[in-house]
Amino acid sequence: MKKDREFNDILNKCLERILGNNENIEQCLENYPEQRSKLEPLLRMALSVRKASAVMPSANFKAKTRYQFHLALAQLKSKRNFWNCEWRLRLLMVASLILVILFAGGGMGIAIYHSMPGQFFHPARLAAEEIWLVRSPLGIDRVEKHAILANRRVAEIIHLVKNGYNSAKLKQVTQQLYYHLATIESLATAETVVMISPVIIDGKKGYVFFAAEKFAKWTQFKTTLEQQVANHLTELNVLLPLVPESIKPALLSAIAVTEAGYERAIEGLKSNLKLINP
Amino acid sequence: MQDQQNLVHRAKQGDQEAFSQLYEYYFDKIYRYVMVRAQDRIEAEDITQEIFLKAVRSIHSFNWKGIPFSAWLFRIAHNEIIDYLRKKSKQTTVPLQELPVVPENYTGNPHLMVERELEIEQLKAAIKQLTQAQQDVISLRFFAELPIAEVASLVGKNQGAVKALQHSAILALHRMLLYGEIMKNEKG
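Those sequence lines, one after another, are chains A and B. Here the first sequence stands for residues 1 to 278, numbered as in the working numbering. Here the second sequence stands for residues 1001 to 1188, numbered as in the working numbering.
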């Protein structure tokens, strides 16, 4: 028992030296001549395992994941900022804007509604969107609103590209797009919609629908998202050959986020729409 | 890398730079750890991506009470792999590469006591024949390159037990792969 423990310690020490400090096997074996015959095959096998296990992720995958990781971080930060640090200020700003709109008439409201990134009224639009979102109940209502805003972000990306805005602005809107799509995914996966059909009741075959209406709504929403992503990708890809080289990387990122973000949102919906046939 | 405790503390406060450093440090390790268990590269990529997104979303829940950050992160990875395997088992599975059964008394052929060029798939097939505890130790020690102390903390065993598992796992791999090679040569 004690001998086993000693040998396990020696093997581990040698592994640390060989794998951690890149010493060679011989250097370690010299320190433990009495264990050589037992130690050597194990160390050689360990070295073979280490060599075979040194698989590296592809550069493309690493870059794509890094980008998504940073977007997720930014999303988290903007959420925190909104609710922790500046929320009072923002609400005050929105309340003031609503008052201004009430006094100034509908013209300003329309200007805010149609404003695009980089324009004077756009921050007011974003603040109003946040209020619009948080006022809606969680579930399909909230998810649908995020989908509407995701559409809007894609429209803004197209507007920015066509009007020659710099890539920093484009990245900012892409980040907001990611936020809406990621929220759709997380809200969708938080809710399981089950429909059971058909069942036998008193010897007769019948259909029992639990939450059939809800199920239909979510299913319809999934179909809508599938159509939306196809349209968006077509619109964005058409722009690719038309933009200057300096804008291309940001547009490519926007396309990647659109594709991956919608795909994940749709997958989230698929995993939670369960039709059970007993 | 800067002191990890400090980095984790900053990441919890929302410091993107600190989180990025943790990401860069652990990305390859997590990827390799996932790679051993996943069926192929594409699945390994999906799972790796999900692990880091989950880490971002739940960093606020991490408390540094003697548990290293790596243990927390690899716990997420472990759970994610378990989820993946569970889903996978419901789908059609591809049979593992068959390895010959090794006789209990087989100790190896001294003439073949050299380092071998193992293919990753060959190694994965052999690892899948180890016990669950041995698999955990091999994937964390060799693929994720974690020190014994962190592996012990992750698998909930003491360091002595992890060293014993490491020994038995390498020995089992040695027997399986070497014996498999001999059998192949004899058949050939």
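Everything labelled a hint here was simulated from the structure, so no lab data went into it. The beta carbon of each residue, even a glycine, is placed where N, CA and C say it ideally should be. It is possible that part of the hints are untrue.
[Unchecked claim] Here are some chain B residues pointing at chain A (derived, C-beta under 10 Å):
#1 D1003
#2 L1007
#3 D1028
#4 Q1049
#5 V1056
#6 Y1084
#7 K1124
#8 G1160
#9 K1163
#10 L1178
[To be verified] Far from chain B by the CB rule (all over 10 Å, computed), these chain A residues:
#11 K3
#12 N8
#13 D9
#14 N12
#15 L15
#16 M45
#17 R50
#18 S53
#19 H122
#20 S167
#21 K214
#22 L242
[Unchecked claim] Straight line, CA to CA, 35 Å or less: simulated DSBU-like cross-link-like pairs of lysine-lysine:
#23 B:K1124 to A:K51
#24 A:K248 to A:K145
#25 A:K270 to B:K1157
#26 B:K1088 to B:K1157
#27 B:K1012 to A:K248
Results of checking the hints against the structure:
| no. | hint | result |
| --- | --- | --- |
| 1 | D1003 | 20 Å, violated |
| 2 | L1007 | 14 Å, violated |
| 3 | D1028 | 6 Å, holds |
| 4 | Q1049 | 5 Å, holds |
| 5 | V1056 | 5 Å, holds |
| 6 | Y1084 | 13 Å, violated |
| 7 | K1124 | 9 Å, holds |
| 8 | G1160 | 6 Å, holds |
| 9 | K1163 | 4 Å, holds |
| 10 | L1178 | 8 Å, holds |
| 11 | K3 | 12 Å, holds |
| 12 | N8 | 4 Å, violated |
| 13 | D9 | 6 Å, violated |
| 14 | N12 | 5 Å, violated |
| 15 | L15 | 8 Å, violated |
| 16 | M45 | 4 Å, violated |
| 17 | R50 | 6 Å, violated |
| 18 | S53 | 5 Å, violated |
| 19 | H122 | 24 Å, holds |
| 20 | S167 | 19 Å, holds |
| 21 | K214 | 24 Å, holds |
| 22 | L242 | 31 Å, holds |
| 23 | B:K1124 to A:K51 | 13 Å, holds |
| 24 | A:K248 to A:K145 | 29 Å, holds |
| 25 | A:K270 to B:K1157 | 39 Å, violated |
| 26 | B:K1088 to B:K1157 | 28 Å, holds |
| 27 | B:K1012 to A:K248 | 34 Å, holds |
Violated hints for the displayed structure, listed by number in ascending order: 1, 2, 6, 12, 13, 14, 15, 16, 17, 18 and 25.
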